[in-house]
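Novice: Assemble the whole structure, with the sequences as input and the hints as a guide.
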Amino acid sequence: LEKDQVSGALKDQHESLMQDKEKAYSALEQEYKAVMQEKQQAYNALEDKYKAVIQQKEQVCGALEECKSVMQEKEQAYSAREEQHTALVQQKGQAYIALEKQYGALEDQHKSLMQGQQKAYNALEEKYKAAMQQNDQALQQQKLSMEEKEQAFSALE
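Per the numbering used here, the sequence shown starts with residue 1055, numbered consecutively.
Simulated from the structure, these hints should not be mistaken for laboratory data. Don't be surprised by glycine CBs; every beta carbon is placed ideally from N, CA and C. Check before you lean on any hint, since a few could be wrong.
What the hints assert, rightly or not - Using C-beta positions, here's what the derived DEER-type ranges look like:
1. A1185 x A1206: 28 to 36 angstroms
2. K1105 x A1134: 24 to 32 angstroms
3. Y1104 x Q1144: 56 to 64 angstroms
4. L1160 x K1183: 31 to 39 angstroms
5. Y1182 x K1146: 34 to 42 angstroms
6. N1098 x E1120: 44 to 52 angstroms
7. Q1113 x A1134: 25 to 33 angstroms
Specialist: And the structure:
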C-alpha cells in the first residue's frame, strides 16, 4: 500500500511538475510572443521612420534640383539681359557716331552753301557796282552831250 501511495504521490508530483512545466512553457511562450511583437512593432516603427526620412530626402533633393533649375534660368535670363544691354549700348554708341558724322556733314554742307551764297552775293554786288558805274558814266555822257548841244545851240543863236 505504501508503494502504491508513493507511486501515486510520485505520479501526482510528476503531474504537478508537468503542469508547472506546461505553465512555465506557456508563460515563456507568451513572453516570447510579447517580445517578438514589441520587436516587430519597433522594427515597423523604424521602417516607417526610414521611409519618412527617405521621402524627406527625396523632397529636399527635388527642391534642391528645382532651386538649381530656377537659379540656372535666372542666370540665363540675367546673361541674356546683360548681352541685350551691351548690344543696345553698342547700337546707341554707333547711332551717336553716325549722327555726329551726319551732323558734321550737314555742317560742312551748310558752310559750303553759305560760302556759295556769299560768293554769289559778292558777284551780284560787283555787277551792281559796275552797272551803277556804267549808269553814272552814261549819265555823265548824256550831261556832256546835252551841254555840247546847248553850246552848239547857243552858238547858233
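Novice: Hint by hint, note whether the structure agrees.
Specialist: Status of the hints after comparison with the structure:
For the hinted restraint 28 to 36 angstroms between A1185 and A1206, the CB-CB distance of approximately 31 angstroms keeps it satisfied. The hinted window of 24 to 32 angstroms between K1105 and A1134 is violated, with their beta carbons roughly 43 angstroms apart. The hinted range of 56 to 64 angstroms is satisfied by Y1104 and Q1144, whose Cβ atoms lie roughly 59 angstroms apart. A C-beta distance of roughly 34 angstroms is found between L1160 and K1183, which places it inside the suggested range of 31 to 39 angstroms.
The hinted window of 34 to 42 angstroms between Y1182 and K1146 is violated, with their beta carbons roughly 52 angstroms apart. For the pair N1098 and E1120, the beta carbons lie near 32 angstroms from each other, so the given range of 44 to 52 angstroms is not met. At about 31 angstroms, the CB distance of Q1113 to A1134 agrees with the hint of 25 to 33 angstroms.
The structure shown violates the earlier hints numbered 2, 5 and 6.
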